[in-house]
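Student: Listed below are the residues making up each chain.
There are 2 protein chains.
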Amino acid sequence: MKFESYLSGFVDGEGCFSISFNFRQRLKLGIEVRPSFSISQNKKSLSVLKEIHEFFECGAIRFSRHDQTYKFEIRSITDLVKKVIPHFRKYPLRTTKADDFEKFDRICQLVSANQHRNAEQLEKIIKIAAEMNPSGKRRHPPEKLLSVLGKVKR
Amino acid sequence: MKFESYLSGFVDGEGCFSISFNFRQRLKLGIEVRPSFSISQNKKSLSVLKEIHEFFECGAIRFSRHDQTYKFEIRSITDLVKKVIPHFRKYPLRTTKADDFEKFDRICQLVSANQHRNAEQLEKIIKIAAEMNPSGKRRHPPEKLLSVLGKVKR
Numbered sequence: 001m002k003f004e005s006y007l008s009g010f011v012d013g014e015g016c017f018s019i020s021f022n023f024r025q026r027l028k029l030g031i032e033v034r035p036s037f038s039i040s041q042n043k044k045s046l047s048v049l050k051e052i053h054e055f056f057e058c059g060a061i062r063f064s065r066h067d068q069t070y071k072f073e074i075r076s077i078t079d080l081v082k083k084v085i086p087h088f089r090k091y092p093l094r095t096t097k098a099d100d101f102e103k104f105d106r107i108c109q110l111v112s113a114n115q116h117r118n119a120e121q122l123e124k125i126i127k128i129a130a131e132m133n134p135s136g137k138r139r140h141p142p143e144k145l146l147s148v149l150g151k152v153k154r
Numbered sequence: 001m002k003f004e005s006y007l008s009g010f011v012d013g014e015g016c017f018s019i020s021f022n023f024r025q026r027l028k029l030g031i032e033v034r035p036s037f038s039i040s041q042n043k044k045s046l047s048v049l050k051e052i053h054e055f056f057e058c059g060a061i062r063f064s065r066h067d068q069t070y071k072f073e074i075r076s077i078t079d080l081v082k083k084v085i086p087h088f089r090k091y092p093l094r095t096t097k098a099d100d101f102e103k104f105d106r107i108c109q110l111v112s113a114n115q116h117r118n119a120e121q122l123e124k125i126i127k128i129a130a131e132m133n134p135s136g137k138r139r140h141p142p143e144k145l146l147s148v149l150g151k152v153k154r
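Protein sequences, first through last, are from chains A and B. First residue of the first sequence? That's 1 in this note's numbering, and the numbers climb one at a time after it. First residue of the second sequence? That's 1 in this note's numbering, and the numbers climb one at a time after it.
Bear in mind the hints are in silico, worked out from the structure with no lab data behind them. There is no bait here: all hints are sound.
Copies of one chain are not kept apart here, so a pair can be met inside one copy or by any two copies together.
Heads up, simulated DSSO-like pairs for lysine-lysine below, C-alpha to C-alpha not over 30 Å straight-line: (1) K2 - K50; (2) K43 - K127; (3) K127 - K144; (4) K144 - K71; (5) K127 - K137; (6) K90 - K124; (7) K124 - K43; (8) K127 - K44.
Same shape as in the complex, but just chain A (with noise of 0.2 Å):
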């Protein structure tokens, strides 16, 4: 069984491709840009996502006390670029989650390369994401970023 195609099956299904913001004072902007890729199941099929932290060979498996699920999650930049992304060019997802994925790729083309600290870029990045599937409630609006990092741009 080809493992590769069967985790894009899976992640088709049940992975979830975020980029999520915050505020930081320290930053030049105001906002930090937080890309993160990952799939959540209960205890009962944790193995699945042993499986999967061992195939991408980064990224961490969390308990979560909130919903009492598993997360595997990859945070970091280069992984993502260099391991995430690059999978899924060569094993496609077939939901709208490819269209997800297409955004998710871009903004973190963009992260990669530094743009998140040039304001235009940065708003860019903000309207994509707006863009893109939430995946539960959004922290912050997109009119609140964009209302913040209007201020920092005057």
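Here the structure of chain A is known, so what remains is to put chain B in place on it, guided by the hints.
Tutor: The following block gives chain B in isolation, referenced to the frame of chain A:
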């Protein structure tokens, strides 16, 4: 990309193996057993269901007004035994859904061999099904089915 492996990954996240029961007076034992394999998606990901439908060359896609989703479903016991079960034997599931699949397989083999028309075997089927992950609310709880069956047997 190997579609077979993708499919098993996708089904591990999104697929459903279920056994439902209906009361049917015209049947000797009064209980109909209906195994079903299904995958539901919203309209935006309908194309994946179409690919899976073409791959299995059986079953049907229906729109559910109730939850505004499309469901691809295979109910024919012949198709389940000859196409669906062999697929997941060759390209195994890796989550707890694999346990459901084992029980589903056992029940399908019994139904395929017409064993569900025998009271003792039907009781066995009801008990195996009771140990499967319920997909949504059970229309007829196992206690009720066993009680009805008990009255027929007497």
